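Chemist: Spelled out, the chains give:
There are 2 protein chains.
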Amino acid sequence: MGRIVMKFGGTSMAGSERIRRVANIVRRQQAGQNGDWHEVAVVVSAMAGETDRLVTFCREANPLYDPAEYDVVVASGEQVTAGLLAMTLQALGCPARSWLGWQLPVHTDSAHAKARIEGLDSDALLASMASGVVAVIPGFQGLSDDGRITTLGRGGSDTSAVAVAAAIGAERCDIYTDVDGVYTTDPRIVAKARKLKFVTYEEMLELASVGSKVLQTRSVSLAMKEGVRVQVLSSFIDDDATPADEIPGTMIVSDHELEGLDMERQLITGIAADKNEAKIILTRVPDRPGAVATIFGPLAAASINVDMIIQNVGRDKGETDVTFTVPGADLLRAQTLLEAQKEAIGFNRIITDAKVAKVSVVGVGMRSHAGVAALMFRSLADRGINIQAISTSEIKISVLIDEDETELAVRVLHSAYELDAVD
Amino acid sequence: MGRIVMKFGGTSMAGSERIRRVANIVRRQQAGQNGDWHEVAVVVSAMAGETDRLVTFCREANPLYDPAEYDVVVASGEQVTAGLLAMTLQALGCPARSWLGWQLPVHTDSAHAKARIEGLDSDALLASMASGVVAVIPGFQGLSDDGRITTLGRGGSDTSAVAVAAAIGAERCDIYTDVDGVYTTDPRIVAKARKLKFVTYEEMLELASVGSKVLQTRSVSLAMKEGVRVQVLSSFIDDDATPADEIPGTMIVSDHELEGLDMERQLITGIAADKNEAKIILTRVPDRPGAVATIFGPLAAASINVDMIIQNVGRDKGETDVTFTVPGADLLRAQTLLEAQKEAIGFNRIITDAKVAKVSVVGVGMRSHAGVAALMFRSLADRGINIQAISTSEIKISVLIDEDETELAVRVLHSAYELDAVD
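For the record, the sequence lines run as chains A and B. Per the working numbering, residue 1 is the first one in the first sequence, and the count goes up by one each step. Per the working numbering, residue 1 is the first one in the second sequence, and the count goes up by one each step.
Since the hints were made in silico from the structure, they are not lab data. Check each hint, because a few of them may be wrong.
[To be verified] Listed below are several chain A residues computed to face chain B (Cβ distance under 10 Å; list not exhaustive): (1) Val80; (2) Ala91; (3) Gly169; (4) Glu171; (5) Leu408.
Please read these numbers as outputs of a predicted model, since none were measured by experiment. Yeah, the Cβ is synthetic: ideal placement off N, Cα and C, and Gly gets one too.
My request is simple: use the sequences and hints to build the entire structure.
Modeler: Following this line, the structure appears as structure tokens:
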């Protein structure tokens, strides 16, 4: 007997028929095999589309809505699916009850609409689970110290699931999604993409931050911090499929654990692409101390995340061109802020380009191997793909390219690093 | 300065535009006139149609749903409108916050889906209201002793409003509905129906129980018990109308208060009609002690409310026909139960008729006047309307007639008791 946390997203919870499929998966997980039953906690999202509907109501009510009241409204979506899944499990003969964020409670800070989980009282929960009752927990929601509902920000249910798994010492946190695992790259772009059996927390973080939207980044950070084993698998399986334990998904583990599990690992784990980037070039910025701070200070103050930054040597002495990227959604706001600071910064022109993409190769293996970057640059150059910017981390190399060349670049790199599946 | 509770139903909360109208009414009530502001608590229903949508989900999840989980699901509707109204008030510059049932809390018993309010902690609420913050409270919901969400049953928000008014010692509980008060009868049937300035709790109870669905019966009982003055008025008024205090609705008061307020009162307050009745006749029931118990015992056990009962002298000695009414929705169930008891009861035939209506004249004045019933029977006889059954209470006389004659009967009685408005 072990404890398992299972998390189902909005697509899996969209309507009575799908909730029944989820209930069947949960029931089979609880029953286990050969009498080896599990204590199960299920974390659920709102029905697909419901949170958007509620957010629209909030915007109509007050464009500058109070985030505390926003949380009251949007937390209702997960409350509904939690109650419905508990009922549906009961209909299958599986004892179940819902535990709302304020009931456990899931303690968070008071940063409404983007709260962070601080802890979770698990005594009552564990007692109930030990008696054979499946715990159904709405994701995304918590309780502030002053007794008000909080929410964790969009996609927060993954983080809720990991937090529950950490609090109850679950042996595994299974995240059921509409994909069946983490792939070497987007299978819609590369037909030969392979599903990974294992991926490390760090790799998953890099893959998530560059466009593989399988898991919310915060949930991966939390899992890494708390040492929670996370498995990504598909909720769209046959009702008569083998128990969840045996469906091969992708397990997210620590570096250390990986060494014992996956000796035959490739150098590179995956290729990710992100088209939600926009490039800004400020020309002829004075090349003096503090110039960069006048550019990026106002952007940081406006919570605009700047990613890649390159400072080119200018054509004229004492001047330099500064190139950087921001999320595409923030481009207009960033441009407006920078124009307002034109005199303070002292640039000549602002050039923007939303038609760029960031393509990254990710893998813990590159730490110990030279030549990974060189292969990337050469492979792209051979196909005539121009690199506009480069950024690197310990386990990732990213390049900024023309958006139209995204798919080509991903395919070229997938082959170059020998990630293609062998038929 | 006084305290006012305002309650808005689902039609008034259906969508952002209507919520904005409600917010305007609340803001004007709070501001008052000549600097005489009010402490205001607002109790809200879910958006029209929302509770039905949620109940449908519950039925799909599990036809025999757990009422505790049902409450988790359906309470979300009021949670959403409470948050939205608080935001909308803030957008109008009116400080506001929501207080959910579990936050106050509204203490109830544990009879999920039909819980009864036991009390309400008002300290934090009163402190917040005294500081000028409008309290927005979702109706219909409460908290059981074991910390779970409860709901009060359909239409429970009226009861929530009265309970809040009692707990905070409000000078008035204003129930905003889609009608602008209580009328002498349904204005759709009798064009000359008059709006009543005052009606007593007892009259309102009788009018509610016979088909004037202006207020939930339980809310009127609670108001009577707690001595809460309830006003019924319309939420569909112009945005620029006079403050709510001055809109003439109908005030529900005690007998005692009425005497001082309405000297010129008519003998009869109103005429009500209810088509949701069905008649059952059991023929040739043995006329012996205990026979009636064998009929009504099983119905009571099945929670079927029997209303009018008549025992006709049978044609044959030692036998009698028993006629009674049940809610139309329960007719089939009642019939099945009785057929199963046919031998035990010993009746000959069961005759049912769903095409009947109960028409009632209601008024505290009839207590002190003879001849009220006689006038009713004579007026109906003059128009050839056959009376199938009669029941009376201290302030009400009801007759059962053919459903097709309902409107005619109401018009005849409205004139006979001189209730018609004078042009």
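Chemist: Taking the hints in turn, state whether each one holds.
Modeler: Hints versus structure:
Against a cut-off of 10 Å between C-beta atoms, the interface hint on A/Val80 holds, since the closest Cβ of chain B lies about 5 Å away. The criterion of a C-beta within 10 Å of any C-beta in chain B is met by A/Ala91, whose closest approach is roughly 4 Å, and the hint holds. For A/Gly169, the interface hint is violated, since its Cβ never comes within 10 Å of a Cβ in chain B; the closest pair sits about 24 Å apart. Interface hint status for A/Glu171: violated, as the beta-carbon distance to the closest one in chain B is roughly 27 Å, over 10 Å.
For A/Leu408, the suggested interface contact is broken, since its CB lies about 46 Å from the closest CB of chain B, more than 10 Å.
This entry does not satisfy hints 3, 4 and 5, going by the numbered hints stated previously.
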